[in-house]
Amino acid sequence: MLTILHTESSLGWGGQEIRILQESLGMKARGHRVLIAASPKSLLLPRAEKAGLEIIPIELAPQYPWVFWQMVSILNKKEIDILNTHSSSDSWVSILAAQISARKPLIMRTRHLSTPISKNLWSRLIYDVLPDAVITTGEEIRRQMIIENNFDGDKIFSIPTGVDLAKFDPEKIKPSLFPKGWTVGMVGVLRSWKGHQYFLRAVPLILEEIPEAQFYIVGDGPQLNNIKKTIEELKLQDKVFLLGQREDVPEILASLDILVHPSYGHEGVPQTILQALAMRKPVVATRVGSIPEVIIERRTGILIPPRDAEKIAEGVIEIYKNSELRQTLMRNGREYIKERYSHKLMLDRLEDLYGYLLSGRLKKRERLVPQLKNLLIKKCMLFAPKIGLGPKKYSAGRPNRFLIITTTGIGDTLWATPAIRALKEAYPQSFIGVLTNRLGVEVLQGNPRVDKFFIFDKGLKSIISWPWLLISLRQSNFHTAFIFHSSDRLIWPMCYLAGPEERIGIKGENKGLDFLLTKA
Numbered sequence: 239m240l241t242i243l244h245t246e247s248s249l250g251w252g253g254q255e256i257r258i259l260q261e262s263l264g265m266k267a268r269g270h271r272v273l274i275a276a277s278p279k280s281l282l283l284p285r286a287e288k289a290g291l292e293i294i295p296i297e298l299a300p301q302y303p304w305v306f307w308q309m310v311s312i313l314n315k316k317e318i319d320i321l322n323t324h325s326s327s328d329s330w331v332s333i334l335a336a337q338i339s340a341r342k343p344l345i346m347r348t349r350h351l352s353t354p355i356s357k358n359l360w361s362r363l364i365y366d367v368l369p370d371a372v373i374t375t376g377e378e379i380r381r382q383m384i385i386e387n388n389f390d391g392d393k394i395f396s397i398p399t400g401v402d403l404a405k406f407d408p409e410k411i412k413p414s415l416f417p418k419g420w421t422v423g424m425v426g427v428l429r430s431w432k433g434h435q436y437f438l439r440a441v442p443l444i445l446e447e448i449p450e451a452q453f454y455i456v457g458d459g460p461q462l463n464n465i466k467k468t469i470e471e472l473k474l475q476d477k478v479f480l481l482g483q484r485e486d487v488p489e490i491l492a493s494l495d496i497l498v499h500p501s502y503g504h505e506g507v508p509q510t511i512l513q514a515l516a517m518r519k520p521v522v523a524t525r526v527g528s529i530p531e532v533i534i535e536r537r538t539g540i541l542i543p544p545r546d547a548e549k550i551a552e553g554v555i556e557i558y559k560n561s562e563l564r565q566t567l568m569r570n571g572r573e574y575i576k577e578r579y580s581h582k583l584m585l586d587r588l589e590d591l592y593g594y595l596l597s598g599r600l601k602k603r604e605r606l607v608p609q610l611k612n613l614l615i616k617k618c619m620l621f622a623p624k625i626g627l628g629p630k631k632y633s634a635g636r637p638n639r640f641l642i643i644t645t646t647g648i649g650d651t652l653w654a655t656p657a658i659r660a661l662k663e664a665y666p667q668s669f670i671g672v673l674t675n676r677l678g679v680e681v682l683q684g685n686p687r688v689d690k691f692f693i694f695d696k697g698l699k700s701i702i703s704w705p706w707l708l709i710s711l712r713q714s715n716f717h718t719a720f721i722f723h724s725s726d727r728l729i730w731p732m733c734y735l736a737g738p739e740e741r742i743g744i745k746g747e748n749k750g751l752d753f754l755l756t757k758a
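Here the sequence shown is numbered in this note's numbering, starting from 239 and rising by one per residue.
FYI, nobody ran anything at the bench for these hints, they're computed from the structure. Heads up, some of the hints might be wrong.
[Claimed, not checked] Taking lysine-lysine and the BS3-like style, the derived pairs with C-alpha atoms no more than 25 Å apart in a straight line are:
hint	residue 1	residue 2
1	K405	K582
2	K473	K549
3	K662	K690
4	K549	K467
5	K288	K582
6	K405	K576
7	K477	K418
8	K418	K405
Here the structure is a predicted model, which means the values were calculated and not measured.
Using the sequences and the accompanying hints, generate a full structural model.
Spelled out as C-alpha cells, the structure:
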C-alpha cells in the first residue's frame, strides 16, 4: 500500500479538480491511502471529504513562509510515499518542502493544460529538475514540453484522464431531461477560452437549418454575465438555456444530441469530450491542445478550427442531416473510449508508473544536488557575457598564451607536466600560466616552463580572494585553457569566466558542464 498526497491550490471546480478526485477515489479503491491538501475555500476539499477521502485544509501559497514548514511536517507525519502536485503555487510549496523533508517522497508534477510554459529557470526547476516524473493529460502537452521547453522526455509520461464506463453508460441512462427535439449543448466551466461566445454566435446559423433546435449551456464560472448579455443581444432567450453547475452530467449528456466543445486554448484531453463519446454522443470540437488525440476526424467526431462560429454551425448541421455519419460517430466513440481512455486503464498506468519510478528512484536522488548546481551554473554562464565576462575574441598572430588548470591531487598535477613541456617545445615564445592549489605550486615551483602561478583555494576564508583571482586571469589574456582531471565543479565556470577563447577538457569528466568546453 502506498500513501499518496495530492496538492491543489486552485479554488475552482473543473476538469483538473475532477481528475484529482476521481484518480484519488480510484487509488483508494485499489487499497492505497490517499490524502488531498487544498485550501479550505476550495470547491475540491468538501467534495473529497464527502467522498470519504482524507483531507488537509491548508493555504498552499508560497508568500506565506510558515506554509512551507507545515508541508514539511505533513510529509513527515503522514509518511507520504508519493507527492502529486497540480498547480503552480502548491507545486512550489510542496516540491521544495519535499527536498528537505526526512520522508523524501516520490515527486510527481501533473500538467493538465496545454498553455505554453515559461522558458525560465523556475519552470525548469519545477518541471524538469526537481520532480521524479511529470504526468501530462495528453500526448500533445508532453510533446510541447519536450520540443518547446527542452525538458527531459524520459521523465514525462502522458496518462490521459479515464472515464468511468459504468457511470457513463448509454444503456442504463436514457434521455429524460429536455423536451423532444434536436438538442445541442456545451458542458464545462464558463471561462473565456472555452469558446462560449463562438458557440452562441453559431446558434442563429444553426437555427436557419434546424429551427426546432434547442441549446443548453451547463456549468458556472467567471464568464456567466458575459454569456447572459450575449444571449440577450442575439435575442436567443427562448432557444439557449443556462443550467448552471450540475452534478448529473451523465443524465445531461444522455439528453443531448450533439456536444460542442469550441475551446481556443489551454486544453489537454477534455473530460467532457471523453464522457460524451462514452455516452455515444457525436462531438464537434476544435483542433486545440490534445483534442485531436481523441477526436479522430469523421471517425469519433468532427474537428473544426478555433474561433469560428460558421464552422461550428456547419459541423452541427452536417451531423443533423447525415444520419450515416451520425451513427458512425456514435458507434465508434464509445469503442474508442473503451480501448484507450477507460478509468481502469488510467489507474493501471499510474500504478505501473509508480512502481517503475520507485524501483529506480535512489539513483535519481543521488544526482539531484549536482543537477541543481549544474543548472544554476549554466544559467549564470549564459548571463556572464552580457556583463562583460566570459570568453574573449583574439586576433590571429597574437603570441600564444596557455592556461593549465590542475586543482586536484599530486598525481594529476604531475600528469600535467608532460603537457607543459610539449607546449613549450612546440611554441617556444608562448606564455604558460598554471591555475592550481598550494600543493600544486609546491610540485611545479621549479619548472622553468611555467611563467606564472595562479592559486585557487576553496576554504571559506579564501572565497573573498576569488574575484581578484578572476580579474588576474582575465588580465593575463589567455586564449587557450586546458583542464586536467578536475572534478571540482567550481573550476569549470572559473575557466569560462577567465576569458580563454578555447577551453579544452575531457568530456563527461564533470557531467553536466561539458557545455563550457569548446573541445573535448
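Here is what the structure says about each hint:
1. Restraint check for K405 and K582: the C-alpha separation of about 13 Å stays at or below 25 Å, so the hint holds.
2. Only pairs whose Cα atoms come within 25 Å are accepted, and K473 paired with K549 is accepted, the gap being roughly 21 Å.
3. Distance check on the hinted pair: K662 and K690 sit about 14 Å apart at the alpha-carbon level, within 25 Å; holds.
4. At roughly 23 Å between alpha-carbon atoms, K549 and K467 fall within 25 Å of each other, so this suggested pair holds.
5. Proposed proximity of K288 and K582 is supported: the alpha carbons are some 22 Å apart, at most 25 Å.
6. Proximity of K405 to K576 is assessed by CA-CA distance (about 13 Å); at most 25 Å being required, the pair is judged to hold.
7. Distance hint between K477 and K418 is fulfilled; the C-alpha atoms sit about 14 Å from each other, no more than 25 Å.
8. Among the hinted pairs, K418 with K405 is consistent with the structure: their alpha-carbon atoms are about 24 Å apart, no more than 25 Å.
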